[in-house]
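Asker: Chains as they are written, first to last, in the working numbering: chain A, 1 to 53; chain B, 54 to 462.
To spell it out: a stretch of chain A is covered by chain B in this simulated footprint if at least three of its residues, at any positions, have a beta carbon under 8 Å from a beta carbon of chain B; those stretches are:
1) 14 to 22
2) 30 to 40
3) 45 to 53
To give a feel for the contact side, a few chain B residues facing chain A, derived at Cβ under 10 Å:
4) L70
5) Q71
6) T72
7) A73
8) L86
9) M88
10) P96
11) E151
12) A154
Cβ pair distances, simulated, as ranges:
13) E204(B) - R33(A): 28 to 34 Å
14) R33(A) - R128(B): 33 to 39 Å
15) P34(A) - S153(B): 18 to 24 Å
16) R33(A) - Y266(B): 28 to 34 Å
17) P34(A) - R128(B): 28 to 34 Å
18) G18(A) - S223(B): 38 to 44 Å
19) K91(B) - P34(A): 20 to 26 Å
Keep in mind that the hints were calculated from the coordinates and are not lab data.
Yeah, the Cβ is synthetic: ideal placement off N, Cα and C, and Gly gets one too.
Here are the chains, one letter per residue:
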Amino acid sequence: MAETLQEQSGGAPRIALGEPFPELVLPGVEDGRPRSISQFRGQKLALHVFASW
Amino acid sequence: MPGWHESTSAWREAGKLQTAGIVLEQHPDRAALFMQWKQLDWPLMVEPFNLLGFTAVPRTFLLDEYGVVRMIHPRLDDLATVEAEFIEREFAPPAPSEGSAAVVDLRPEMTAAEPTDAAGWLARAMALATWAGAARLDDAMAAVDAAIALEPSDRAHFVAGVIARMRYDSDGRQAGDFGRAARHWATALEIGPNNYIWRRRLQQYGPRLDKPYPFYDWVPAARAEIAARGEVPVALAVEPGGAEFAEPTATFEVATGPASEPDAAGRIDRDIEGLVTVEATSIPPTAVPGDPLRVHLTLRPDATLGAHWNNEMAPTQLWVQAPAGWELDRALGEVELPPEETSDEPRSFEFELRAPVDAPAGDAIVEAYALYFVCDDATGVCMYRRQDIPLTLTVTGGTQERLIDPHRR
Numbered sequence: 001m002a003e004t005l006q007e008q009s010g011g012a013p014r015i016a017l018g019e020p021f022p023e024l025v026l027p028g029v030e031d032g033r034p035r036s037i038s039q040f041r042g043q044k045l046a047l048h049v050f051a052s053w
Numbered sequence: 054m055p056g057w058h059e060s061t062s063a064w065r066e067a068g069k070l071q072t073a074g075i076v077l078e079q080h081p082d083r084a085a086l087f088m089q090w091k092q093l094d095w096p097l098m099v100e101p102f103n104l105l106g107f108t109a110v111p112r113t114f115l116l117d118e119y120g121v122v123r124m125i126h127p128r129l130d131d132l133a134t135v136e137a138e139f140i141e142r143e144f145a146p147p148a149p150s151e152g153s154a155a156v157v158d159l160r161p162e163m164t165a166a167e168p169t170d171a172a173g174w175l176a177r178a179m180a181l182a183t184w185a186g187a188a189r190l191d192d193a194m195a196a197v198d199a200a201i202a203l204e205p206s207d208r209a210h211f212v213a214g215v216i217a218r219m220r221y222d223s224d225g226r227q228a229g230d231f232g233r234a235a236r237h238w239a240t241a242l243e244i245g246p247n248n249y250i251w252r253r254r255l256q257q258y259g260p261r262l263d264k265p266y267p268f269y270d271w272v273p274a275a276r277a278e279i280a281a282r283g284e285v286p287v288a289l290a291v292e293p294g295g296a297e298f299a300e301p302t303a304t305f306e307v308a309t310g311p312a313s314e315p316d317a318a319g320r321i322d323r324d325i326e327g328l329v330t331v332e333a334t335s336i337p338p339t340a341v342p343g344d345p346l347r348v349h350l351t352l353r354p355d356a357t358l359g360a361h362w363n364n365e366m367a368p369t370q371l372w373v374q375a376p377a378g379w380e381l382d383r384a385l386g387e388v389e390l391p392p393e394e395t396s397d398e399p400r401s402f403e404f405e406l407r408a409p410v411d412a413p414a415g416d417a418i419v420e421a422y423a424l425y426f427v428c429d430d431a432t433g434v435c436m437y438r439r440q441d442i443p444l445t446l447t448v449t450g451g452t453q454e455r456l457i458d459p460h461r462r
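Pulled out of the complex, with its shape left as it was, chain B reads as follows (with noise of 0.2 Å):
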């Protein structure tokens, strides 16, 4: 696309062609970022939802003045065809007879009567997680649920997905969400499974042995090059995590040299005041005999209980056991620790597993804990806590949709 807006810049400058965009994504600064980065500077649209159904993406699409499609996917390596077929062509005007163009405009379904079909339902979920922001993001939910409970489309499930990952992202996240996004994503790819925009949300935050590419690795170099033009990049509301960056990898990395064990004997005290809340997510949210998963666990000091990190100790750590059989890729995770003296951030760490191909279906305990120092409010006492982790995995039989492509392994 850059290669295209460079190669077109003459047809641009004489009044011939404008460019526009439209980028299928939730966290519309990263779009944002990435337009900056490129130095394009034409109009771009952000659309998290999918709603002309593309299965693939990059298209480009070529209008002629009236709106009407005269080239798809033209080819960069043959502009002279597209100058002679397109910018040098004089269209007329689509005769009435041809119909016009379909209306997709969400917002009235904001306000419309109560829906009675889930294509009502969809769309009025998709309206209002569009156009009314995280304030009405619990109706977005409960809207495309009603639109699940009517017809479990692939597209209303991978909706859903989206929803629930951004409340997640919201300040009005609920417990599990992130974990009830991935289930989303996962029953649209079963549903659809030759949708690789499904499948890309998954991998987006998935095992490293099923990435296709590093997903928002440019996002460092980009804000380099940015901040050497001497100008500000674009802040981004949600930092990208670990798995976003994850570089794919072609054999499943088992964690190496023996790690030191920081609690073995459990001395250390509970967080019996639950100062500090967990959550995990995994990706795919379910186990296949012989196929990796990647744990998102999240720590937030609880700011209902004052609750607050103390950062004058050491990081906070997370040790993770592996059940028998189970390979891992790291048993001791650490976050390092900000500069400032307290601090409330959420902590994340992720970790890789594989289930052997012999698991048995059913549940599979991870026994994982968290090592932190946090302090307490009301009594103004900073404590070094333990928090038990227990991971419950569920293991398949086998028949769900694969995420993992089997050549690759």
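Looking at chain A on its own, in the form it has when it is part of the complex (with noise of 0.2 Å):
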């Protein structure tokens, strides 16, 4: 059984150790336009989840 992130509400696609992340497509801050988390792939990847609140 992979590590699960333990912080995540029911319903979520679930984000472990050993499994792809979900591949999320969201608004990029600058321009608005679509970006995805496997435009990152082939390199590895640092990705922060954070607020700046």
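Fit chain to chain and form the complex, with the hints in mind.
Answerer: Pasting the structure below:
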């Protein structure tokens, strides 16, 4: 059983060690154009999830 | 996170690591200002709805070349382990049997067939609000209302609050949108009291006694440092308001000193033409005996009547009279006048009240009035007017989820 992120509420795509990170498509902050997690494939990635509040 | 950025710069420069971010924020320009301030130049995506269901942030994930999660919450004080077990390690591509990544792309939901369940309506609401801009916020609100009607989950209420606040901050604002947002966020917290992202949203606008920190106090410092570097700070479409700057406090700070009531005899003519509209919102939306709440009150000249402020006279004022037994942090508020002779910007006041511990359940009336100079384009006349603003606060029987952590009082 993979180690999962405990701080997730039910119903969301799970995040777990050894499993692909969910393929999110979201607006870029600067221009609002679509960006996806997959565009970073091919190189190791540090992905920070944070808030500015 | 800036610390992580600095500590891993050598790996980035060597082409061994790239960095990206997802910011849980409904004001993308505030995130852009933060990035500019900290000189973080990596790609950042904005995510206002917490699609991945985080109950706490910040969180960092290390993904290999194939997008597979290899480390969660790597320790900044143990970069040697990160280097050995992630940076320098070779990972094999995942086998097809290991499954593919869950796809979270809301864009098709905007044009999909009409949803038939709560999840579908919620996805449509978030899609419209995320990708269709302010013009579709009414549709987004209707969609999330449909989701809540089918399944009133904490997540749906949180999303409804975000959309209502988005619309409040837009030109398509509808009366009561901020209050609508507050009620949805409070309901989300009642259903999911352990999700601190739900709690933080109320705390952002709520009373000082419940604030864990001042939310956007970094904005002035950021602007100053950016300007000192010779750059132009990212402009903010919605300036953070008083509650978003307010410092936490350990005790309720009652107004001290005799404030002079500006129209005690009630002699100033009332604004019977309704040249100025008023919107009042309480955070939390209902009062709990013994707990504080923060009232946001915004005055706007009614553009449909050709009304605007006259700024050549005295400041706009708000006088508040607390109900018997209630505490009040300030009785008299003033908004400084802009330098222009006339203007039509919204003018906001915030004050805090605390219900007595023995406050009975039911409605309590806070008497308040505003005094302002307003002009009417139709007649060309500028007038000093008073508007009485009785505010009805509902005191609960104490069964709701409390915003205030009881250990702090």
